[in-house]
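Engineer: Each chain, letter by letter, is given below.
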Amino acid sequence: MSIQNNEIMIGLEIHIQLTNLKTKLFCSCSNDYRGTEPNTHVCPICIGLPGSLPVVNKKVIELAIRLALALDCKINNQFWFFRKNYFYPDLPKGFQISQYNKAGGKAFADGGKTTIRLNNHKKDIILNRIHLEEDPARLVHKGSIATSPFTLIDYNRSGVCLIEIVSEPVISSPEEAREFLKQLKSIVQYTGISNLELEGSVRVDANISIKGYDRSEVKNINSFKEVERALRHEIIRQKNILKRGKKLIQETRHWDDKRRITIPLRTKELEEDYRYFPEQDLVPIEINSDFIQKVKSELPEMPNERSVRFRKEYRLTEFDSYNLVLDKNFADFYEEGVKSDPSFDSEEYKLYCNWLMNDISRWLNNNNKIIQETKITPKHLVDLINAIKDGKITGKIAKSFIPDLMVGFNVKALIEKTGKRRISDKEYILKITKEVITDNLDIIRDFEKNPRALEALIGKCMKKTKGRLDPELTREILLELLSNKIKKYKKS
Amino acid sequence: MELYNYMGYELIEKIINKEITVSDLIQSTFDRIEATDNLLHSFINLSKDKALKKAKEYDIKIQKGKKVGKLCGLPLANKDLICLKGFPTTCCSKILKGYHPPYNAFVIERLVEQEGAIHIGNTNMDEFAMGSSTENSCYGPTFNPWDISRVPGGSSGGSAASIASGQTILALGSDTGGSIRCPASFCGVVGLKPTYGRISRYGLVAFANSLDQIGSITKCVYDSALLLEIMAGKDPLDSTSVNIKVDKYTAELKKSIDKKILGVPEEFFGEGVNNEVKSSVKNSIKKLESLGGTTVEVTIPHLEYTVATYYLLCMSEASSNLARYDGLRYGKMSQNLKGDVYDVFSRTRNEGLGTEVKRRIFLGTYALSAGYYDMYYIKALKVRTLIKKDFQEAYKKCDFIICPTMPSTAFKIGEKVDDPLQMYMDDVLTCPVNLAGLPAITIPCGFDSNDLPIGFQIIGNYFDEKGILNIGYQLEQELNIYRKTVPAIK
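Order-wise, the sequence lines are chains A and B.
Going by my numbering, the first sequence opens with residue 52, and the numbers climb by one from there.
Going by my numbering, the second sequence opens with residue -15, and the numbers climb by one from there.
Same shape as in the complex, but just chain B (with noise of 0.2 Å):
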């Protein structure tokens, strides 16, 4: 078997008991980024001169009987909106070209310097995580491994098509209104979104700052439990991340669900709903009713509104966020300097910013301004306080929300490119997860006729990561097709 077949944890066994090195690792990752992402374009940057030369370093280390933190130097594919000390990082948007970051991100810090994940490149993306297809990136789509026609999701695209077709074993994403949960299910991987606050997003580039956080898109739940164990925590520097003990994930994946009560939202199952995605979602609810888990109907009334008031906000947020690219201190300046500040800000912000992005600040700027505040923003805040409102309820009822990631399997590259909303449209079983603050995660749980993956969510309580991880853990066990491979790249 090839080494980019086998799951993190077993890699980390096979060089701990020196069965391969790292620097094998490293290699065999490349090797396998050169023959496949000129098809792929999972990756944007790749840093393989620094990446070898840290693993033949692991490699000393190891023979010399020293540590190389938790991580052993898997490779580690990060996505292009979390910074990373000196290498270029720039949200796939032209107005960031040529931005070197000067310091590391939270989870850089975490992973990559404190447990020794070795970092090979960055991921592609929709231009600043806005889109649900990697098509808005300014260094042109990432295409899906399972059919490189379609599209692997979005926003953090590359990353789950670099994990699905083992260009990596390790990936970050950050999910605003399911950016990771969506292109893991599309590329059929593990995405895993945990509550707001439960990892640092210093560093992470902002989109919209209520609802972004950072995940990981893994082959398997272990790896994703391993990867949330060190990035977990409280972070002085992030006023929102949170003090709350951090569980030993890895230790609880085994534990059993009997008794377990899974909550079934009916809404969740609409028409919108492809019939295979809903077959398959239910085949795998037996699953867990056979392992234990108890399922009931609960209700989240107000999700026929969510997509409304998430788009609301997060458009509103990103208008101010965005607002500080103006070319002044980095990033790209037009090259036409003509006329007064104001008019070389907007012309670098019109030449370096793209469609969609426009759109939503355009948007977003509108929704905040004097008059309109209270009929949207102010309106979809109260609408966001009835969305947890509604998972409060349904928590009292039942310990888990299980329910499909997405509506549909992966479509094609260019068929809603057109039609933002449309492409808005398909956030509708994840957005729900932010507004509300919620974690969650999305496993493959089998494919429709096109062989196309398929994937199914499990909506946590706050801070319940432990409990998703388990129950994800289990199904996964249990469905045992997380080892399935793409076909052949061609």
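Chain A with its partners taken away, still in its complex shape (with noise of 0.2 Å):
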């Protein structure tokens, strides 16, 4: 049997660590616990000793309405905690302090949607709601949890805010759920309210169906960039057992990121009933309107805005402009740019835009980097840009520049040590496309009927030379010798 896209139902649970805030959700230990001695971290509060009672961090209502605002979602008036009961070695109380939206519970807010962009067509994400809670101890390992002799309990995590952001079964593939998380990302960039390229800031568990069919939860996806690897895996392990005339049973299931495969978690933890009551250590909080237009008005510009003027103001295409502003860090870098030099106008604005999304991107992603993390500056680009433009060099010595720009070195300077510069003196380039006519003459051969052979040519010209040759002088000496060569064919 096959089975379409729109068959297949996808629902997403993000957690997302605050990580902009000082301080944990109910005390006032650093949030701050990556890279610090293990249960470190800590207080009578964040480790549920007898005795101890939870305070809510107000500033975590300020970050939560934000994402909110930023998500469209309806924030409720009121909001309030409730327990979540479970035994496990990371949970110091014996329950998790959570929200709830059934037995007349709140989430902090409701509904909400982004809008996401995948082959040229665009498609609403819709969510159900977002909500706080507190992220339990880290478990530490020796090698897998499979093998591993002992189990650490590092306390320091335990009690940092997680908001929780819960999407409507409505994705229908693993590249849309790719681009919603892609989209998502931007968002809580952009709010400020975390810095996803923390490792352990997101955790993601997918509910994943076969319309018609039972549903599968699938959790511990650790990072985005693995949700799409896991729902891949999850559709065709599906389809599989329903070819094989099997049946899907709803379960919970593990996602294993070395074997990168989907295990089934213990029945124990599947017929889990979490008892969720009221908490009622904490008193309900009152948001009023005027403090959400208050942090409304102080809202930084969203993706979707700045893709619009980007548009508008530097008259890229859609595509590109939707592209370019989803790392604000890049967007940044972006607009410092092609401001810094009132000469630029659209043909600058697209080129700048076309080096960062292509060379400069991928050799980020090459050596997994952020553009922070290097040396280049805008600045730097715009030398790039200009020394094309004035001839000064070619487009690709300019890539070949690439690395060295990363690393901090400027194009001036670079020039200077490299000697490569563009060389547009006609004698040189006379002598090197002989040579290399001398030296291929079957492609010449295949001229007339393939006029593709010229730029088969040119690159070889290229890369005598190192990319240094006029690529225009070039060309046009090239088709005069080279049609002077066919008349000679012609008339011998």
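There could be a bad hint or two in this list.
[To be verified] Here are the computed distance ranges between Cβ atoms for each label pair:
(1) A:G155 - B:F346: 52 to 62 Å
(2) B:K381 - A:G155: 25 to 35 Å
(3) A:Y137 - B:T369: 25 to 35 Å
These are calculated hints, taken from the structure and not from any lab test.
Keep in mind the model is a prediction, meaning the values are calculated, not measured.
Here a beta-carbon is modelled for each residue, glycine too, at the ideal position from N, C-alpha and C.
Both chains are sitting in their own frames, so use the hints and assemble them into the complex.
Structural biologist: Given below as structure tokens:
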């Protein structure tokens, strides 16, 4: 049987740590636990000592409002917490303080949506709610969870504020999920609530089903990148089961990112009844609309607004602006660069965008870095574009400069250092082209039938000179030489 | 007269006037404990060396004319579920044996660190405050100083017995469904349960957190007012504590109660209430009328549902509050580590928790489970609202509600241990106060034919501790039995 994408239903639950808070959700311990000595960022409250009581960190409310506004959610004017009861070594109180939207409870905010773009189509990903909860402690194993002879518990993470974003099951492919998460990551970055580059700042659970069959929930997907992979695997697994004529069961599975498969969890955990009930150590918190308005007025420009502005101001295409603004640091880099040179216009705006989105992005991906971790400045890229425009270097040379630019060299210094500059000396170009023609007579024969052979020859010339020849002049000279040659052939 | 027979405020005067030293007082306290506690078993852990050392420090300070706080080194007995830094705090449960909290409860900070009370030890209680007789302690029961064949009441039985027998001058308790008032009534002393939110619960180990409230057990109303003045107030570490002005309670005690309207709820004098208790309480009502109070009949129609409601809610909350005791971070873990983490958790809890605690965790877990939640927990919440409304209606007609504290006087050790429902029913007159979150005080108002004390309960409107202390003080002075001492303890 074949299953179409519109028959796949995916809902995501995304847990994001509010890493930009100074303190934890219910106590004054530092939120910044990464790289610290285990069990040093703890107090009676976050390790749940008898007699301790939680107190809500008021800053959390402001950050949660920012995200709720950016995601178009309806913020409830009052919210409170529930206890989610279960036993696990990472949970010092035997319950997690969370929120619940049943049994008289309310989430922090309901509904919401964000628009994604995939293969030139737009789609709204509808959200169910967002809510706040505390992060459990971190369990540390030697090697994998299955083979480790021990489990260590680090309570430094215990009590860090998580915000959970729950989507409706409207996502119909792993690619859509990827685009949704890209968009969400971007919004989180723009709202300034969290730095998702930090390890462990994101965890995703996914509900996946094929229409008409029972769903499975895949837990423990610990980065946005893993989500697409886990979903792909799980969909294939479900399809294969159906192909074999077997039955799908509703179950919770665990994403094993080392083996890249989902594995079933023990039944003990499946039958869990969380016995949600109100957390009465905390009083309901009122959020008045004036405060929401205040947060709204202070909200920075969001990626979708910025994308519209980029299209207008820099005359970028919809595709370019959409992708350029996704990473705020990238978009900031872009704006600083193009604004720094008043001579820039549509053509340069486009070129600047292309350099960022192509060569620089590729370098960053290959080196697994983000742009702030490199030494390239917006001005460096302006210089590069101007150097091409002024004929000092060719595009090929410019490309070869990228790795050096990323580590802090400027264009002028690179030209001096490498001696690479555009060669427009006709005599020299003539010499090179003649040599290439002599070496590639077979290509020349092709030339009449296939005009693209010219491009191959230009390529050979460039290769010979490490890309320094003026591409226009080279083309002219080659064409002239070739047409002479052809005439000669025809005469003879 | 022995020092232990004086009221707290009298001893403060004696210390300030240099008639006695703090060391004299603390030494006599420990002498009294040593002479009586092998029979009473009020204390489970003493802090003798530290207390005597502290007393000396205070004496030197007093000599030099320096301040030592309002409580001038008076001995304070602490219930074993209020955290005291570095001192074993076990809630009288095996599962917390060896646990030393790394921090002080809010009330300890106020009483001991700021106002100079001297902590002399922790008192016995029902495990995790679950009980009305102090028989459910992992250390064994406490005995009633008026008759050592009887229970002192519970759960703060150790605190009440220690006050009644002169083993201490001040004591702390906690009251979830009557845990201060029941033992205070059975031991013939003053027990105050303030409004929910009046005193910070920070550092009070939770039994049922929507009902728990810290309070005091003292020999007289004045001492109770003095302690409340110090303990009351907003604490940023307890979100449920309330920012309402703290009255100068001691200054208001002597005010006339003329024209105060006292509501008498007929349901609190029902069939289950012992006749001797009824007549003693009615006698005291007449005294209050003679002091200018006017009595009116009021009604709390939902009283018959309060015990069921109270137990559903406190058990549900307890099942969650006690989930943290898994032996992993503190307390006693099972020696047998076979199996997975769940096996070890189960074994630790099975070995470490007592029968009554387990019973309540089971029932509470059941009441919160999917499919039963609406039927039990949600329904109990609704009845709780009705009971609150009953009281609000009653307070439209009166300023205070007056009634017996307990349906009977102290019963025999072992009499009710095998019949938990019978034991639960004893909370019928105290637990509605916790469900509503109101303040209440119990003062001794007489003795039955066995010479056992009877308690008189005054329930106030929200945050009217000033009012109930005033009525209590006036009645106490009028009855003038509060100096009666327990028979020789042999």
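Engineer: All the hints need checking, so say for each whether the structure fits it.
Structural biologist: Hint-by-hint comparison with the structure:
1. A:G155 - B:F346: 52 to 62 Å: violated (25 Å)
2. B:K381 - A:G155: 25 to 35 Å: Cβ of B:K381 to Cβ of A:G155: about 32 Å, so the range 25 to 35 Å holds.
3. A:Y137 - B:T369: 25 to 35 Å: holds (29 Å)
Of the hints listed earlier, the one the structure fails to meet is number 1.
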